[in-house]
Amino acid sequence: MFYRLSGVRHFSYTGDRSLYRIPFERNAALALLAAAILAPWIIGELTLTSLVQPWLIWTSAALGLNLVVGWAGQLHLGYAAVMGVGAYAGTHAARSGVPWEIAIVLAGFASMVIGSVFSIAALRVKGLYLALTTLAMQFVIDWSIVHLSVVSGGALASLRAPDMSLLGFEINGTAGLYYVALAWCVLVTIFMMNLRRSALGRALMAVREKDYAAEIIGVRSFVFKLVAFAASSFIAGVSGAVLIATYYHIVTPDQFSTQVSIQVLAMVIVGGLGSIIGTYLGTALILIMPGLVAALFHGATELFDLRIGVETLAHLPNAAYGALIMGCLLWEPLGLGRLYHNMRSYLIAWPFGYLKK
Amino acid sequence: MEADGEEIALRCTGIERRFHGVVAVTGIDVAIAKGEIFGLVGPNGSGKTTLVNAITGFFPPSSGEIRLNEKVTTGLAPYRIASLGVARTFQNLALFNGLTVLDNILLGRHIHMRPSVWRTALYWWAAQAEEAANREKVEEIIEFMQLESVRDELVDDIPIGVKKRIELARALASEPSLLILDEPMAGMNQEETEYMARFILDARDERDVTVLLIEHQMDVITGICDRVLALNYGEMIATGTPSEVVSDPRVVEAYIGGSREPV
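Keeping their order, the protein sequence lines are chains A and B. Counting in our numbering, the final residue of the first sequence is number 1013, and the numbers go up one at a time with none missing. Counting in our numbering, the final residue of the second sequence is number 273, and the numbers go up one at a time with none missing.
One chain only, chain A, in its complex shape:
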């Protein structure tokens, strides 16, 4: 309906490969970006800091995981640990007086180094074995963070991150911190969009689809898997540091536990493997769903005067949340991104549905 291909012509190969081939989509994206920039004036402070900002940060992190799982096709169950490395590296650097803008980059590189070292070992196996090896990496890093008091300050300790400042400007107040998160999210999104049209992205997808056929056209599978892990670890590290610097403000070992790894993986899977807009939608769903389900059950118990024990009540949201993931996988294995894509291709042809695309 809004998307019209007729009249849209590209006369150069560069134009044909622009980020948005349909002007309507480009304008919609620009409008969204403008809305995001004006958000501090549009929506309430509580919504901004408790919903929008974590959504942006977790989306950046989930996009990094999607690079490994969706693009390169390698299952990764230790992603939160890699984020944790970045969070601790960034916090320690900032505490020892390094400016935040450098500390954040350092966090990325620390994660990249540790993530790559682990993946050199992990990438010798495939599929479920790789999943288990990355899970082992999660536990090893968790254990190290908790037991090395140099890193965590002790199992129950929490480290306070210094106040954010970038390029000499103090960043305080909700809007400033929100903009930091927004800027990082936009950077990661642009990188992922470029990945979709670059030689690197194609090579990663070749490795995902058929690694023997990739080798025969000259793609070194092992090297490209490693590149995917390294790049995604960098994104994880920076996202972890941004999460601490702009949102949590203190860092504790349990912020990056196995459960968080599963949660980020759920964002990617529910959102859609290899889909950027899907990752946004999946992250939103996973973040708000526990709260919504809890509210629903609380409402139901009061309305029908159900006598559900407090303990059961605490577990019900988790069950509903699991059911949601399973339902997504059963009915739409490519997630919300696929739903969006179907809607888009329907609208492009509407009302002439018999036409293809």
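Check the hints yourself; a few may be wrong.
FRET-style restraints, in silico, Cβ to Cβ [unchecked claim]: (1) A:I933 to B:G171: 33 to 39 Å; (2) B:R208 to A:F667: 30 to 36 Å; (3) A:F667 to B:S72: 51 to 57 Å; (4) B:T110 to A:I933: 16 to 22 Å; (5) B:E204 to A:L688: 50 to 56 Å; (6) B:P169 to A:Y669: 26 to 32 Å; (7) A:A811 to B:G31: 38 to 44 Å; (8) B:R260 to A:L986: 56 to 62 Å; (9) A:L986 to B:W134: 46 to 52 Å; (10) A:I933 to B:G37: 55 to 61 Å; (11) B:W134 to A:L969: 51 to 57 Å; (12) B:R260 to A:E988: 22 to 28 Å.
Incomplete in silico selection of chain B near chain A, CB under 7 Å [what the hints assert, rightly or not]: (13) F29; (14) A92; (15) G118; (16) V127; (17) A136.
No lab work stands behind these hints: they were computed from the structure. Glycine is no exception: its CB is placed at the ideal position from the N, C-alpha and C atoms.
Take the given structure of chain A and dock chain B to it, following the hints.
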């Protein structure tokens, strides 16, 4: 066997490949001249694909030497051999599902491109020109293989005859000097087979490739090949022009069995 006085594209000397106790191919001596269409025939299990896998580096030969344009390639990894100008297609298709036809053929250009994280991040300054230049080469191939109408479709949804053409296009996109085709006509009807034969001839004539063709349809072999090698049980049983090989009694025996001597 030796092609007379010509430049050699591929030379195999004493190739043997064992899988533990099984000898899959042994004693293969063959030299393919530049610009030849060279047929490789033999019954199922005679070692044709094993020989191809040895040449492309998937299963390096247990002994013997392979030279590509007089450069030794024995034991190199497949991606290295690919970058030296060997491209192949697979008997049962190895296209990348979930990608468009265009992206599949662009992947054929991989060895001519420099994929990296920073080029992706700084796409406009570091990759855009390279992408456009390679796209131009790919469009040439798309036109050559007559694939314009399916350019933007996912390869998953495409009929098998066209898929075979896309795979040949991907192989040609790398501008190979040696093109190995593993049963490119398998599962095709007569018309598609003739089209494919025409594409192979055109590729040789217009794009300067040497072709090593595995095929079971003897009319294709006799129709387009310059020379033919027949294998049986991993050994060479006949070489020469197609008509010589097809009428060779050992080839006839290998395919349809010989008369049995009374015991």
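Hints, one by one, checked against the model:
1. A:I933 to B:G171: 33 to 39 Å: holds, 35 Å
2. B:R208 to A:F667: 30 to 36 Å: holds, 32 Å
3. A:F667 to B:S72: 51 to 57 Å: Taking Cβ atoms as reference, A:F667 and B:S72 lie about 55 Å apart, which means the hint holds.
4. B:T110 to A:I933: 16 to 22 Å: holds, 18 Å
5. B:E204 to A:L688: 50 to 56 Å: holds, 53 Å
6. B:P169 to A:Y669: 26 to 32 Å: Given a distance of about 27 Å, which is inside 26 to 32 Å, the answer is holds.
7. A:A811 to B:G31: 38 to 44 Å: violated, 58 Å
8. B:R260 to A:L986: 56 to 62 Å: holds, 58 Å
9. A:L986 to B:W134: 46 to 52 Å: Once the Cβ atoms are compared, 41 Å apart, the range 46 to 52 Å for B:W134 and A:L986 is violated.
10. A:I933 to B:G37: 55 to 61 Å: The hinted range 55 to 61 Å holds for A:I933 and B:G37, with Cβ atoms some 59 Å apart.
11. B:W134 to A:L969: 51 to 57 Å: Holds, at about 53 Å.
12. B:R260 to A:E988: 22 to 28 Å: violated, 58 Å
13. F29: violated, 17 Å
14. A92: holds, 4 Å
15. G118: holds, 6 Å
16. V127: Cβ of B:V127 sits 5 Å from chain A, so the hint holds.
17. A136: At about 9 Å, which exceeds the 7 Å cut-off, the nearest Cβ of chain A leaves the hint on B:A136 violated.
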